[in-house]
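**Student:** Residue numbers (the numbering used here), protein chains in the order written: chain W, 1 to 319; chain F, 320 to 843.
For the record, the hints were derived by calculation from the structure and aren't laboratory data. Keep in mind that a hint or two might mislead.
[As the list claims (entries may be wrong)] Quick partial rundown of chain F residues pointing at chain W, CB under 8 Å, derived from the structure:
#1 Ala475
#2 Ala476
#3 Leu479
#4 Val605
#5 Gly635
#6 Ser740
#7 Asp743
#8 Ser744
#9 Arg746
#10 Leu748
#11 Gly751
#12 Pro762
We put the beta carbon where it would ideally sit given N, CA and C, even for glycine.
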Amino acid sequence: MSGEHGEGIVKGPALEARGLRCSLGGRTVLDGVDVEVPAGALLALVGPSGCGKSTLLRALAGLASLDAGRVQIGGRDVTDLVAERRRVGLVFQDNALFGHLRVDRNVAFGLRHLPRAERAALVAEMLELVGLGRLARRYPHQLSGGEQQRVALARALAPSPEVVLLDEPFGALDESLREDLGWEVKSILERRRTAAVLVTHDRHEALTLGDRVAVMEVGRIVQHGTARDVYRAPASRFVAGFIAVASYLRAADGSEVLVRPHQLRVVEGGPHSVERVEFLGPTHRYTIRTSAGDALVADLGPDAPLAVGARCDVEVLAR
Amino acid sequence: MSRRRGSLLGWAAILVVVALAGAPVLVLASSVLDPSTGIWAELWQTRLPGMISETALLLAAVVTGTVLLGTSLAWLVSAYSFAGRRVIGWALVAPLAIPGYVGGFAWLDTLSGVVGARGVRSLWLCAAVLVLTLYPYVYLFARAAFADLGASTVAAARGLGTGPVGVFLRIAVPACRPAIAAGAALVAMEVLTDIGTVRLFNVSTLADGVMRVWFGTGEREAATELATALTGVAVLVIAVERLTRGGARHARRQAGAAMAPQQLGRAGAAAALATCAAIVVVAVVVPVARLVAWAVETTRSGPVATVAGGVGHHAGSTLLLASTAAVVCIGLGTLLALAVAHRGRSARAVGRLATLGYAMPGPVVAVGVVVTLAAVDRWRWLPAGVVLVGSLAGLVFALAVRFLAVGYQGAEASLDRVPPSMVDSARVLGSGSTRVALAVELPAIRFGLLAASALLFVDMVKELPITLLLRPFGIDTLSVWVWQATSESLWAQAAVPSLVIVAIGMAAVGLLLVALERGAEVVS
């Protein structure tokens, strides 16, 4: 949401790609993909493994060659430029820090065009930005996983790229660390007003961090919108089920209506039966087998949890 | 646009290196298509069958011995923990610094007191000496592979009721078969290329035949035909190694922790340490002690200044030659590996052609290079007065043809371990392929290159057949000195240069161990 209406200046998209096609070893990996990231916004690109999201990122960076399509970064057509001239930032899951260089030298790697003093000042500024000023003289292997990932971000941001591409940057981290670092990265990107594409297979991460969310399925983007849109009005059953737990209620006319677990309440006694009960902490999640044989997932229920096999009914709450 | 130009430049580099390295091999191969039947017929009726059977027997004995010794010693120091394990683990690599022809004459003299001067000249004793000097190849490869064996794999096998011996035979050896096979192939190549040790023990192998025919009768055609037969055996060895690998490559480190060594009890620890120490004593301490005794004797009886002067001259030649050739091999090998990396499978296949020379025994390479260089000299492409045959450049070229593979494979194996994301990061941060190579890839593989350089240096210092056949006047290396003294059974005279070879070799082996400790890769 941030930079979109930034300073009231209407700016073109930071990144715009049209009709990207790519095949690797005879297999079509990208099948006509369009991507647009407004200036300063974070696009979360989410999809199951093997859907082509990492290839898309590599293609945007110029690391994978395209069969067709154009890529524009900051209004400049970069389709024919090699990776080293595209001026994008890139952060990998395995952080890819240069192990033989100190942290400050890592951050300075992309700043060779600057005079020495300016470079040192910028490196210090970047390390302060990611909160690692005191670790400038350490080597990467002396840092924790989260610290390494911040260095990788500082290194990617240092040359002030138009857009930063993040390939599952939190994938190798502990769950507890992952969420905090995610928010921190988002706020750093907002402060720098840098647009970003975040590739992830974690739908929770995509929904919480992405100003916009693009859902990918076998080489295509099947939906592109705000997190709210994608959650509330998924374009397909695949998107609905991939982005969050989905159940379908059958209406009288035979059509099906999507309901999320928090919209269903289980009550004791009725035509259906409880098939599974999961303890989620604040609530219980019930999987209900309806008399028609469908499965429904509900997060609301009576204070005293029902047992597996108990008879029950469901109530639909308003959205 | 710049990408296209860089790409062409890279391909040009690949092709030039491959053409240079491959030329002598191809020249030799062409002689196979045009055999002189008269010489073949004569060879068949006289020496050839005996040479082939002795070569085969020696090869089988040494490969079997080194695989058994190297693999079990590697397992002992990888799977078990005992006092002194670290030190003895590295000491077991030391025989790498002792050429077979040095260990050979030290043991020959020591043993002839026991079994008599005639009985000692046997194929089996020759095989034993070669096993003791060559097992470190298998040992090093097997240790590296065992270190990559995951703790969880071993724990799973234990959980399924497999005992320690079962884990070794049913899990570790099969999993590390490609690495053991690669080590065994190196051993086989060393056996096929050996001319010094076999001469000491009167074993007439094909390599020995090439040398005898070349020097004795001067029939170059006959020597070339014999070299071709030797190449045939080498090709067979490579084929067997590929079959043993069964398509598997050196196993990559499995996810998770490495296998933890099992603590041995007091008696077990003593037995393990004693076993390893016994091997080191037999392979290193006894021959070196014998050499030292001779050297002391020589310096007492002869004028010290003469010996010192001789050592200075020969050691100078050896160091000059070994370092020049090692730098050429590591430089060209790294260039080739960098050019081949990121260029896909076809580039890799072309790059591998440059390593053909390593599969060729030394005498074969020497003959191939002489034939090639003589042709170049004859065609008068070079400025008047410049002759390649018998020049230092010609000798370095021949050594590079034979040993380029060590530099290339060392660089390639290390480059394979550089995460692709690291190279991609550097590119995205604005580095062209030259800066990526200089600022990221070379620093990342520095220990791999150090290990390969050390290995190359040891190889060069020990090298005999190529140096012997191609050395220019004035380049008298330590190995040639040893060769000349031992072929006249002047053991005491050979002791001093032998000791210097061993000392230089030990220094290089130490460097190799440092590099390996820092995570260097020697093979891909």
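**Student:** Hint by hint, say whether it matches the structure.
**Tutor:** Hints and how they fare:
For F:Ala475, the interface hint is violated, the least distance from its beta-carbon to any beta-carbon of chain W being 24 Å, above 8 Å. Annotation: interface hint on F:Ala476 violated; nearest CB of chain W at approximately 28 Å, more than 8 Å. With a cut of 8 Å, the hint placing F:Leu479 at the interface with chain W is violated, because the nearest CB-to-CB distance is about 31 Å. Annotation: interface hint on F:Val605 violated; nearest CB of chain W at approximately 43 Å, more than 8 Å.
Look at F:Gly635: its Cβ only gets to about 35 Å from chain W, farther than 8 Å, so that hint breaks. A least Cβ separation of about 4 Å between F:Ser740 and chain W falls short of the 8 Å threshold, and the interface hint therefore holds. Given hint, F:Asp743 at the interface with chain W, holds; its Cβ is 5 Å from that chain's nearest Cβ, closer than 8 Å. For F:Ser744, the interface hint holds, the least distance from its beta-carbon to any beta-carbon of chain W being 4 Å, beneath 8 Å.
Because the beta carbon of F:Arg746 sits about 4 Å from the nearest beta carbon in chain W, less than 8 Å, this interface hint is met. Among the interface hints, the one on F:Leu748 holds; its C-beta lies about 3 Å from the nearest C-beta in chain W, closer than the 8 Å criterion. Nearest Cβ of chain W to the Cβ of F:Gly751: about 6 Å, under the 8 Å cut. The hint holds. A distance limit of 8 Å between C-beta atoms decides the matter here; for F:Pro762 the minimum to chain W is near 4 Å, and the interface restraint holds.
Hints 1, 2, 3, 4 and 5 from the earlier list are contradicted by this structure; the remaining hints agree with it.
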